[in-house]
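J.: As a plain string of letters, each chain reads:
Protein chains: 4
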Amino acid sequence: MTPDLSHEITLSPAFHDLDPMDVVWHGNYVRYLEQARCALLARFGYDYPAMRDSGYAWPVVDLRLRYVRPLVYGQLVNVRATIVEWENRLKIDYLLRDAGTGERLSKGYSVQVAVDMRSGEMCYECPPVLCQRLGMQR
Amino acid sequence: MTPDLSHEITLSPAFHDLDPMDVVWHGNYVRYLEQARCALLARFGYDYPAMRDSGYAWPVVDLRLRYVRPLVYGQLVNVRATIVEWENRLKIDYLLRDAGTGERLSKGYSVQVAVDMRSGEMCYECPPVLCQRLGMQR
Amino acid sequence: MTPDLSHEITLSPAFHDLDPMDVVWHGNYVRYLEQARCALLARFGYDYPAMRDSGYAWPVVDLRLRYVRPLVYGQLVNVRATIVEWENRLKIDYLLRDAGTGERLSKGYSVQVAVDMRSGEMCYECPPVLCQRLGMQR
Amino acid sequence: MTPDLSHEITLSPAFHDLDPMDVVWHGNYVRYLEQARCALLARFGYDYPAMRDSGYAWPVVDLRLRYVRPLVYGQLVNVRATIVEWENRLKIDYLLRDAGTGERLSKGYSVQVAVDMRSGEMCYECPPVLCQRLGMQR
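Chains as they are written, first to last, in the working numbering: chain A, 1 to 138; chain B, 1 to 138; chain C, 1 to 138; chain D, 1 to 138.
So that you can see chain A by itself, here it is in the shape it has in the complex (with noise of 0.2 Å):
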């Protein structure tokens, strides 16, 4: 049976998330991603620091991000982190909703690729490691 491998978080923009249109900066929802991306790899055990301790860092090769509404202050808004791929690249799917109606409001993914960081080499799959804390059968 596959592991349930998507999370959800939930957050609220904050004041100096707003641009002069006075919704959230496009840019900032990179950080969003990130806060989502972070707490599903943690309940996995495998976040920032536990990557480092594995020897691996996994950088963002490929972002995507496309915007259906715009995000306002005061605005609750879930963000879905999905692992879709996890064999030769780690790619992870988001989407956006207001947490009262859920309506779409934004999608996007990204790439990750391992990193051994001994040798600074990119692996061309990915290690062991984040098989087995996802818990996946290889």
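If you are wondering where the hints come from, they were derived from the structure by calculation, not from laboratory data.
Among the clues, some could well be false.
Identical chains blur together in the list; that is why a pair holds if it fits in one copy or across any two.
Mimicking EDC-like on lysine to aspartate or glutamate, the simulated pairs with C-alpha atoms at most 20 Å apart in a straight line are [what the hints assert, rightly or not]: (1) K91 to D47; (2) K107 to E85; (3) K91 to E103; (4) K91 to D4; (5) K107 to E87; (6) K107 to E8; (7) K107 to D62; (8) K91 to D62.
Got chain A sorted already, so can you dock chains B, C and D onto it with the hints?
T.: Chains B, C and D in isolation, oriented as in the chain A frame:
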């Protein structure tokens, strides 16, 4: 004759742009793209205040970034922004290169659509002001 | 009786808040203070949208931060904001403590003044709306 | 003779630095100060990588900002950083002026102390490397 629709800026990562891996945090690239985009649009007299004065907001609706090599402190980086679509939407491509070696560091694009600030309606064609400012025939 | 003019939030530093020393970059504390301040003012029905609706902007005119111990990834941090002046200006004190041990991590203050949004004039006394919202007699 | 211990940079606020009041969000000034400080220290061959190579981290332990006039998009701003203490701690004063009119916009200071990166101990005197780089007799 088509005018040259590209512009290049040179920047250097700040200390506060770095993450614990001692490279620029991937979300900060969005600020770099915006700096290049604003400089490009300012050259055509259509940066943020001119957009607002023309009655249109131009929210980013799609953003993609592909990271090839990390950016480091002290590095000089050229960011080239090129307008590649202007009829139904404003699409801009970005290329980041090392200013010394010319090596490709990252690339990406952004897509913006016009929103009529009075009605709040999204425009399915770019308003004439964009082509006028870009010096294009439609 | 003076109402309780303080409020505490708990937060945890994000990966993107860290710098190459693996601690929170000092400038990011300004965001943490703002989160505590907004939560405090929201409790009194006077956060950013209510300020704007009341006809006043409240720019920060003075800010101080004293850093005692670094903040690290995964740490739970309490940020307490307390209103200490409200007559001629709005002064708020902040105290950051480790949520587990209670150890003092950082402290600071911010000072805001009211600006009448119609005239653009700075007010030399806080407008009555502030005391009303705070439940204070003047 | 005391060497000139100040340095000035010129910058222009980016769109992403603005808040809903259409002025630079107060927390972003911390980035501007850091840019001026790094440029100043780089002139003396003692910016972030040189600090690390010398075996010392220099965390900011005190920061103050006084905001006089708002900064707006398109404005050219001079940020002058001046070293005013270097014996027991590194204190730097900052002055922001409009590049066109010379009007004072903001001022502030930062205080840094040396931390020995091997022991993790704070130094109660600045290590000799600082004075050497600044070209000072102690």
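J.: Could you tell me which of the numbered hints above are not met by this structure, giving the numbers in increasing order?
T.: 3, 5
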